[in-house]
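Engineer: Could you slot chain S onto chain F? The hints should help.
If you read the protein sequences in the order shown, they are chains F and S. Heads up, the first sequence is in the numbering used here, so the first residue is 159 and it goes up one at a time. Heads up, the second sequence is in the numbering used here, so the first residue is 84 and it goes up one at a time.
Among the clues, some could well be false.
What the hints assert, rightly or not - Cut-off 20 Å, straight-line C-alpha distance, at most; resulting in silico cross-link-like pairs (EDC-like, lysine to aspartate or glutamate):
no.	chain 1	residue 1	chain 2	residue 2
1	F	K235	S	D215
2	F	K271	S	D123
3	F	K235	S	E89
4	F	K291	S	E89
5	F	K299	S	E121
6	F	K176	F	E187
7	S	K108	F	E234
8	S	K108	S	E120
9	F	K235	S	D123
Source of the hints: derived by calculation from the structure; they are not laboratory data. As the structure is a prediction and not an experimental result, all values here were calculated from the model.
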Amino acid sequence: MNTIAIALSDERLLKLQKLANDLNVSIEELVLIGIENLLAQPESLSPYTAQDILNKNAKIPPEIVDKFYALASDWEKDVAGLSSTAQMSQHPAYQEIISMGTHIVPLLLSELKRNPLYWLSALSAITGENPIKPEQRGRVKQMASAWIDWGRNQGYAIEENV
Amino acid sequence: MYRRPEFEIKWPSLSRTDYQVTSPKSQEYNCFAWAAEEDDRWWQPIPGEQFYWPDGVPQEETIEAYIQAYQTLGYEICLGEGLEVGYQKIAIYVDSSGIPTHAARQLANGKWTSKLGWLEDIEHELDGLVGDRYGVVGQILKRAVN
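Chain F on its own, in the form it takes in the complex:
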């Protein structure tokens, strides 16, 4: 027999625990059932979907992360006090962050938990999506939550404790 270790967020562990309790099995048994089902029916997880999720959550190279935070710091310092998000997003540092493209989406989504306003426009520009419901327009925390929900539905792993 072999043993593997996997890292889980508190939120996922709690969900897993609840499901295991509901089924009256241990978490380990529940995970084993999932693995057995996957091995028995590998077609249920299409290669495209699996690869897509892996691609979305590929570890972002440290130099990209460092570049993002350096640009974000410059931008935050320069635009603090501006009233227009249009002006804020026209800043060269913000435009450079947008040009970094889809592989920084998980980083932007995770950062929304700390600063719900900052990356709404960048996410929209990068993804071309708008998950904001009409009644959420302008309600910044709800907008950030809508983006985080969108990210999870798209298969992005969003860090819980940024």
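Structural biologist: Structure of chain S alone, referenced to chain F:
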């Protein structure tokens, strides 16, 4: 409340005028919402409908669109910035291209209240925010209040 030296770097006219910080920081509303007496949403006419903008008003960064937005709340164009009994006033600041950059609302004491982006609210003189960052006052609006 208190003054903030870093504000006087961003808005040098503040150092020559009277002002005070009147709230904590918040990312949940901006000056355009605060001028409309809202502190729970961010007003911005960005096409794509992510932020709030009054229904039926063009989503464009023009003084005309901002005037129309406040007209939905009963404001009308006005010439003077002085305190008028029975009226509430909003000042819209514009940059050198005439694009709105900021809005402030007049208080009953004749001073103005502004939300500074995602920073704090301040009570200030109208000239205190004139400068490179917000430009100049481009339009005053007023509405009757009870």
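Engineer: Hints first: check each against the structure and report whether it holds.
Structural biologist: Structure-based check of each hint:
no.: 1; hint: F:K235 / S:D215; verdict: 16 Å, holds
no.: 2; hint: F:K271 / S:D123; verdict: 18 Å, holds
no.: 3; hint: F:K235 / S:E89; verdict: 11 Å, holds
no.: 4; hint: F:K291 / S:E89; verdict: 37 Å, violated
no.: 5; hint: F:K299 / S:E121; verdict: 15 Å, holds
no.: 6; hint: F:K176 / F:E187; verdict: 13 Å, holds
no.: 7; hint: S:K108 / F:E234; verdict: 14 Å, holds
no.: 8; hint: S:K108 / S:E120; verdict: 16 Å, holds
no.: 9; hint: F:K235 / S:D123; verdict: 24 Å, violated
The structure does not agree with the numbered hints 4, 9 stated previously, though it agrees with the rest.
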